[in-house]
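> As a plain string of letters, each chain reads:
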Amino acid sequence: MTNARPLAPQGAASKTHRHAPSDRFAADSPAAIKGAVPASAGVGFKPGHLIAILDDPGSVGFLEVHAENYMGDGGPPHRTLERVRRDFPLSLHGVCMSIGGPRPLDEDHLARFAALCDRYEPGLISEHLAWSTHEDMFLNDLLPLPYTAATLDHVCDHVDRMQEVTGRRMLLENPATYVLFDNSTMSETDFLAAIVARTGCGLLLDVNNVFVSATNHGYSARDYLAAFPLTHVGEIHLAGHTEQEDDEGALLLIDSHDRPVADPVWTLYEEVIAGTGPIPTLVEWDSDLPEWPVLRAEAESANAILRRHARSAPKVRHAAPA
Amino acid sequence: MPPLPEPAIDTAAFSAGLLDPERAAPPHVAGPHGKSAVKRYNVYRNNVTVSLIDALADIFPAVLKLTGENFFRAMAREHVRASPPTSPLLFRYGEDFPGFIAAFDPARPLPYLADVARAERAWLTAYHAADADPLEPARLAAIPPERIADARFAAHPAFAVIASPFPVFRIVSMNRDLMDLAPVDMSEAEAILVTRPADKVTVTHLTPAAARFADALAGGSTLGEAAGLALETDPAFDLNGALTALLSAGAFAAVAAPDNGGDDDRFCQ
Chain L
1 MTNARPLAPQ GAASKTHRHA PSDRFAADSP AAIKGAVPAS AGVGFKPGHL
51 IAILDDPGSV GFLEVHAENY MGDGGPPHRT LERVRRDFPL SLHGVCMSIG
101 GPRPLDEDHL ARFAALCDRY EPGLISEHLA WSTHEDMFLN DLLPLPYTAA
151 TLDHVCDHVD RMQEVTGRRM LLENPATYVL FDNSTMSETD FLAAIVARTG
201 CGLLLDVNNV FVSATNHGYS ARDYLAAFPL THVGEIHLAG HTEQEDDEGA
251 LLLIDSHDRP VADPVWTLYE EVIAGTGPIP TLVEWDSDLP EWPVLRAEAE
301 SANAILRRHA RSAPKVRHAA PA
Chain Y
1 MPPLPEPAID TAAFSAGLLD PERAAPPHVA GPHGKSAVKR YNVYRNNVTV
51 SLIDALADIF PAVLKLTGEN FFRAMAREHV RASPPTSPLL FRYGEDFPGF
101 IAAFDPARPL PYLADVARAE RAWLTAYHAA DADPLEPARL AAIPPERIAD
151 ARFAAHPAFA VIASPFPVFR IVSMNRDLMD LAPVDMSEAE AILVTRPADK
201 VTVTHLTPAA ARFADALAGG STLGEAAGLA LETDPAFDLN GALTALLSAG
251 AFAAVAAPDN GGDDDRFCQ
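Keeping their order, the protein sequence lines are chains L and Y.
In this text, residue positions in the first sequence follow full-length UniProt numbering: the first is 1, and each later residue adds one.
In this text, residue positions in the second sequence follow full-length UniProt numbering: the first is 1, and each later residue adds one.
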């Protein structure tokens, strides 16, 4: 790893050309960050919900978008995002950066991501511990990687580069996986902790992914969470999953984002929040989209849990670097 | 001897099977506790293939409607396997799909299908094209009559023309629910103008002569040259009508006319 350096927290200026001085982070007043994402519930934004959301102010604390959907040069997507951004803090979630691949990151794609950061000033930016590109072939899925010293070097280099180009601290999301690698030498939680230690990035804890992977690979989700570097979690994802069978006829869960959050995932989520205190929490729903009130109700369920633990002593979570 | 370096992820091996159903699961991929990983690896196969077929279905809804769901998905699956995306921006996918359709033997009974696909691909390109204000007709009116034939236009970033020997405008419009279904005479040639005035993608019917005129202007021909080409196609070509229609559809972003043969060729918006 090279170029290790402190990174500014979200919304703050680490490069003066990126942000006006008025946007600078006031350490004792996080709410003063322009566009800061609050420790309440948000939802993944879908254009079909635009009118309903604008008519329902205060329903959610923030919105998250998939960065790639807004990487066109112009047109209606940008009008929509400009409108949304006027009313809501934004989380910019990349799904195609291929951080887990062995190749250097696509500099054009990085530049597009950084341009979105400059234009829309998201309060949080995030990507996945996964890969999606082989040479010039884009596979449109979040593909898994073995956890080894070699893959750790690649991922840390890529996280460094993304943080360098955006001038922001990023959050890296734990994956939902369906296979393991017999050449892995580290656990996923040790791997994530090592990335945090080496790059200074934060983590996006997807509780549904934890439940899906734990079920698929026959380990305890609670043990995984006990080993997870929770003090570095800057955002939580919740989503629904579907059920299939593996080769032996055992349950195999699919991270499908097409239905409500499952009860055991809510339980795990509440256990996490009871320990950490409130953390920005996003409900993802990406296919078979429901009407707005259904998604809003999911966010309200998360908010109810966040309120129940509002006075839980929040541990120091990837606060501004010293 | 130094120890061998630990392996990184072999993305070549992992990805080779994703679009090739005949291939075995890649090395090192496993289930927990020695379990098999065939169905597990197939989850990724399915995610990749189905999500890319779905992406094509989203980009080409009229093609889907014309072929039916089963035919479309079978055709798209072959295309996805032969030509996976090369950009992480999925809204750019399908540039090669019209050409694939043109050469796809089972689609031969629908000879207009490739042109429909060209129009739909242009529709999505226009949707994401750079922002620009359409040319105000007053800018053209301000050019002195003696210089108007030498005027050159800059196409709006969303501009595209798809010309076809088939009535492609009506076929696309009817199959994207923009027009009521009605019988069409398949021998009537039509072209589609794709533009994005007021940030809404719009398709406009062009005659073959008007399409040639629009294409020539977008390609940098002067108004006089473009009119000449259109008149070759159709001696009854209505220059004023075609120009008015292009302007009101937002086909152009700028116009310039040289001043007395000088090199003041700056575009006015």
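Because the hints were derived from the structure by calculation, they are not lab data.
Incorrect hints may have been included.
Stated by the list, open to error - Derived pair list, reagent style DMTMM-like, types lysine to aspartate or glutamate, alpha-carbon separation capped at 25 Å:
#1 K200/Y <-> D73/L
#2 K65/Y <-> D54/Y
#3 K35/Y <-> D247/L
#4 K35/Y <-> E248/L
#5 K35/Y <-> D182/L
#6 K200/Y <-> D55/L
#7 K35/Y <-> D118/L
#8 K35/Y <-> D286/L
#9 K46/L <-> D58/Y
#10 K46/L <-> D56/L
#11 K46/L <-> D118/L
#12 K46/L <-> E248/L
#13 K46/L <-> D223/L
#14 K65/Y <-> E78/Y
#15 K46/L <-> D199/Y
#16 K65/Y <-> E22/Y
#17 K46/L <-> E121/L
#18 K200/Y <-> D105/Y
#19 K200/Y <-> E95/Y
#20 K65/Y <-> D286/L
#21 K46/L <-> D177/Y
#22 K35/Y <-> E243/L
#23 K200/Y <-> D180/Y
#24 K200/Y <-> E248/L
#25 K65/Y <-> D288/L
#26 K200/Y <-> D131/Y
#27 K46/L <-> E78/Y
#28 K46/L <-> E82/L
#29 K200/Y <-> E82/L
#30 K46/L <-> D180/Y
#31 K35/Y <-> D190/L
All values reported here derive from a predicted model rather than from experimental measurement.
> So, for every hint listed, does it hold in this structure?
Hints, verified against the model:
Between K200/Y and D73/L the alpha-carbon distance is near 15 Å, which keeps this suggested pair within the 25 Å criterion. At most 25 Å may separate the alpha-carbon atoms for a hinted pair to count; K65/Y and D54/Y meet this at roughly 14 Å. At roughly 8 Å between alpha-carbon atoms, K35/Y and D247/L fall within 25 Å of each other, so this suggested pair holds. Distance check on the hinted pair: K35/Y and E248/L sit about 8 Å apart at the alpha-carbon level, within 25 Å; holds.
Between K35/Y and D182/L, the direct Cα distance comes to roughly 11 Å. Compliance with the 25 Å bound is thereby established for this hinted pair. Note on K200/Y and D55/L: the hinted pairing holds, with a Cα-Cα distance of about 23 Å set against a maximum of 25 Å. Straight-line distance between C-alpha atoms of K35/Y and D118/L comes to about 47 Å, which puts the hinted pair past the 25 Å bound. Note on K35/Y and D286/L: the hinted pairing is violated, with a Cα-Cα distance of about 31 Å set against a maximum of 25 Å.
Simply put, K46/L and D58/Y have alpha-carbon atoms about 15 Å apart, close enough for the 25 Å limit, and the pair holds. Only pairs whose Cα atoms come within 25 Å are accepted, and K46/L paired with D56/L is accepted, the gap being roughly 15 Å. Taking the CA atoms of K46/L and D118/L, the gap is about 22 Å. The hint holds against a cut of 25 Å. Taking the CA atoms of K46/L and E248/L, the gap is about 37 Å. The hint is violated against a cut of 25 Å.
Restraint check for K46/L and D223/L: not satisfied, since their Cα atoms lie roughly 34 Å apart, outside the 25 Å limit. The hinted pair formed by K65/Y and E78/Y meets the criterion: a straight-line CA distance of about 18 Å does not exceed 25 Å. Restraint check for K46/L and D199/Y: the C-alpha separation of about 19 Å stays at or below 25 Å, so the hint holds. Restraint check for K65/Y and E22/Y: not satisfied, since their Cα atoms lie roughly 30 Å apart, outside the 25 Å limit.
A C-alpha spacing of about 19 Å is found between K46/L and E121/L, which places the hinted pair at or below 25 Å, so the restraint holds. In summary, the hint linking K200/Y to D105/Y is not supported, as the alpha carbons are separated by about 35 Å, beyond the 25 Å threshold. Restraint check for K200/Y and E95/Y: satisfied, since their Cα atoms lie roughly 21 Å apart, inside the 25 Å limit. Only pairs whose Cα atoms come within 25 Å are accepted, and K65/Y paired with D286/L is accepted, the gap being roughly 24 Å.
For the suggested pair K46/L and D177/Y, the alpha carbons sit about 22 Å apart, so the restraint of at most 25 Å is met. This hinted pair checks out: K35/Y and E243/L have alpha carbons roughly 18 Å apart, not beyond 25 Å. Distance restraint check for K200/Y and D180/Y: the Cα-Cα separation of roughly 20 Å lies within the 25 Å cut-off, and the hinted pair is therefore satisfied. Distance restraint check for K200/Y and E248/L: the Cα-Cα separation of roughly 51 Å exceeds the 25 Å cut-off, and the hinted pair is therefore not satisfied.
Annotation: proposed proximity of K65/Y to D288/L holds, straight-line Cα distance about 20 Å (limit 25 Å). A C-alpha spacing of about 11 Å is found between K200/Y and D131/Y, which places the hinted pair at or below 25 Å, so the restraint holds. About 30 Å separates the Cα atoms of K46/L and E78/Y, which puts this hinted pair outside 25 Å; it is violated. Taking the CA atoms of K46/L and E82/L, the gap is near 14 Å; set against the 25 Å cutoff, the hint holds.
Distance restraint check for K200/Y and E82/L: the Cα-Cα separation of roughly 16 Å lies within the 25 Å cut-off, and the hinted pair is therefore satisfied. Only pairs whose Cα atoms come within 25 Å are accepted, and K46/L paired with D180/Y is rejected, the gap being roughly 29 Å. Between K35/Y and D190/L, the direct Cα distance comes to roughly 23 Å. Compliance with the 25 Å bound is thereby established for this hinted pair.
Consistency note: the structure conflicts with the earlier hints numbered 7, 8, 12, 13, 16, 18, 24, 27, 30.
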